[in-house]
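Use these hints to put chain B with the ligand onto chain A, whose structure you have.
Chain by chain, the residues run as shown.
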Amino acid sequence: MGNLHDRVKERWPHAVLELHDDRGDETVVLMRDDFTVIMKALKEDPEFDFQMLMDLTAVDGKDLGWKPRFEVVYHLYSLSKNHRLRVKVRVNERDALMPTATTLWAIADWFEREVWDMFGIRFEGHPDLRRILMYDEFVGHPLRKDYPHNKRQPLIGPKN
Amino acid sequence: MEVKTLEQTGGFTSKLDDMVAWARKFSIFQYPFITACCGMEYMSTACSHYDVDRFGAGLPRFSPRQADVLFVVGTISHKLAPVLKHIYDQMADPKWVVAFGVCTCTGGFYNNYATVQGIDTIIPVDVYIPGCPPRPEYVLDGLMKLQEKIQIEKKAY
Ligand code: SF4
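Top line first, the protein sequences correspond to chains A and B. Numbering-wise, the first sequence is residues 1 to 160 according to our numbering. Numbering-wise, the second sequence is residues 1 to 157 according to our numbering.
Just chain B, with the same shape it has in the complex:
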């Protein structure tokens, strides 16, 4: 019997880590935590014109227990901070966080008694997307950066 090489059979070799990471980066289930005006830009990104589904991130889940990426979209006040932390804690590993808009990155121009000065003071953040609000192109760029990060990261499975 003729022995075929792996290439001849149409197969290929990879590492399990890479395979899992590849699957993960194209099946992002996001949890949109939307509090303010950036939400409009999030909607525009998510809808058909910019079509976030091209990146495998088209299905938002409205339960943190079913989501892998937490999109924090909009100003976070000190009153809301414990809620955000609670949501983050409820998400199952592996999980990632995207800070969407300057308000979530640094507090933006709201340096006042009410606003959290960057959500990274409360939860870890993987990708920062600045802008007030960021254009959808920015958001997609951020999403692609997140995918790169997911690909090279070694997270347990």
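Isolated chain A, as found in the complex:
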């Protein structure tokens, strides 16, 4: 029985683009097309048994010259097995769309709204994809590296 990420690679060799365990954090990079099927298996298969989605976030690699530009990151944790796995999926700026994880973990609801709000990555199948931190009047996605660092959009008071 190999490491977790090796087992994922063995089982879905065509879907795993990359894997590493930098400082013990096991990570797999998946293809987007196989994402939902693999996540479902990771949650429900007793071998993996990831009941918890600890965190869901994204990284904008614009300044690092990443192609595709974004990485959506999922941190999974298994209560019964006490093991963790980090799952990453790369998405393009033009096609910034992910399948939702809300059908598997209800907590993904607010996380996905946050990623939409901050990075402008949409989640297909999300029940209610609205901004969660910023206000509806806000234009743009502030954690994108091309959002001007001094741009302000106050609701009331002086504009800048």
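Simulated from the structure, these hints should not be mistaken for laboratory data. Even for Gly, the Cβ is constructed at its ideal location relative to N, Cα and C. Treat each hint with caution, since some may be false.
Below 27 Å or equal to it, Euclidean Cα-Cα: the simulated BS3-like pairs (lysine-lysine) are [stated by the list, open to error]: (1) A:K159 <-> B:K85; (2) A:K151 <-> B:K149; (3) B:K79 <-> A:K159; (4) B:K95 <-> B:K149; (5) A:K151 <-> B:K85; (6) A:K145 <-> B:K79; (7) A:K9 <-> A:K88; (8) A:K43 <-> A:K81.
Coverage of chain A stretches by chain B, computed from C-beta distances (three or more under 8 Å per stretch; other residues unrestricted) [to be verified]: (9) 130-143; (10) 147-158.
Same frame as chain A, but now just chain B with the ligand:
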């Protein structure tokens, strides 16, 4: 009948303005508008160790309509700014505002897309208490400065 002077009767003369101001400065009903970490220091000031009741400010009101001093404690985001303004507008005159902590004074180190760069861009502020968070001694000092201000101010009654 012997006529007593005012001093002999134990009375004293004053101006109505001064009397009202004196009463006001020792009966501050505050509205704590607490949003962030400064709230911990506010609690410490308000509780028995530093005992803000010594200054007549011991009874926070949780309705702006019953309060005279708005304590803005913690980071104010642009999303929250209209709420703060609304609360301020609901308070009855005479009213005062205390900016508690650098976040409320200037935005502090949060010079970013989300944070109001000083609540005085939205509502008038009477006393600024800097610090991140300010120590309770700072807060009491600010409160005493506010009392001085209330004493010399001429507000309608
Ligand atoms: S001034 Fe400092 S302690 Fe107070 S709310 Fe801001 S960050 Fe928190």
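Tested hints:
1. Among the hinted pairs, A:K159 with B:K85 is consistent with the structure: their alpha-carbon atoms are about 16 Å apart, no more than 27 Å.
2. Restraint check: the Cα-Cα separation between A:K151 and B:K149 comes to about 37 Å, which exceeds 27 Å; the hinted pair is violated.
3. Using a Cα cut-off of 27 Å, the hinted pair B:K79 and A:K159 holds, with the two alpha carbons roughly 14 Å apart.
4. Straight-line distance between C-alpha atoms of B:K95 and B:K149 comes to about 12 Å, which keeps the hinted pair within the 27 Å bound.
5. For the given pair, A:K151 sits about 22 Å from B:K85 by alpha-carbon distance, which is consistent with the 27 Å threshold.
6. Proposed proximity of A:K145 and B:K79 is supported: the alpha carbons are some 22 Å apart, at most 27 Å.
7. Distance hint between A:K9 and A:K88 is fulfilled; the C-alpha atoms sit about 14 Å from each other, no more than 27 Å.
8. Restraint check for A:K43 and A:K81: satisfied, since their Cα atoms lie roughly 12 Å apart, inside the 27 Å limit.
9. Check on the region 130-143 of chain A: 4 of its residues sit with their Cβ under 8 Å from a Cβ of chain B, so the three-residue criterion for coverage holds.
10. Figure legend: the region 147-158 of chain A, annotated as covered by chain B; annotation consistent (10 residues with Cβ-Cβ distances under 8 Å, at least 3 required).
Comparing the model with each earlier hint shows a violation of hint 2 alone; every other hint is respected.
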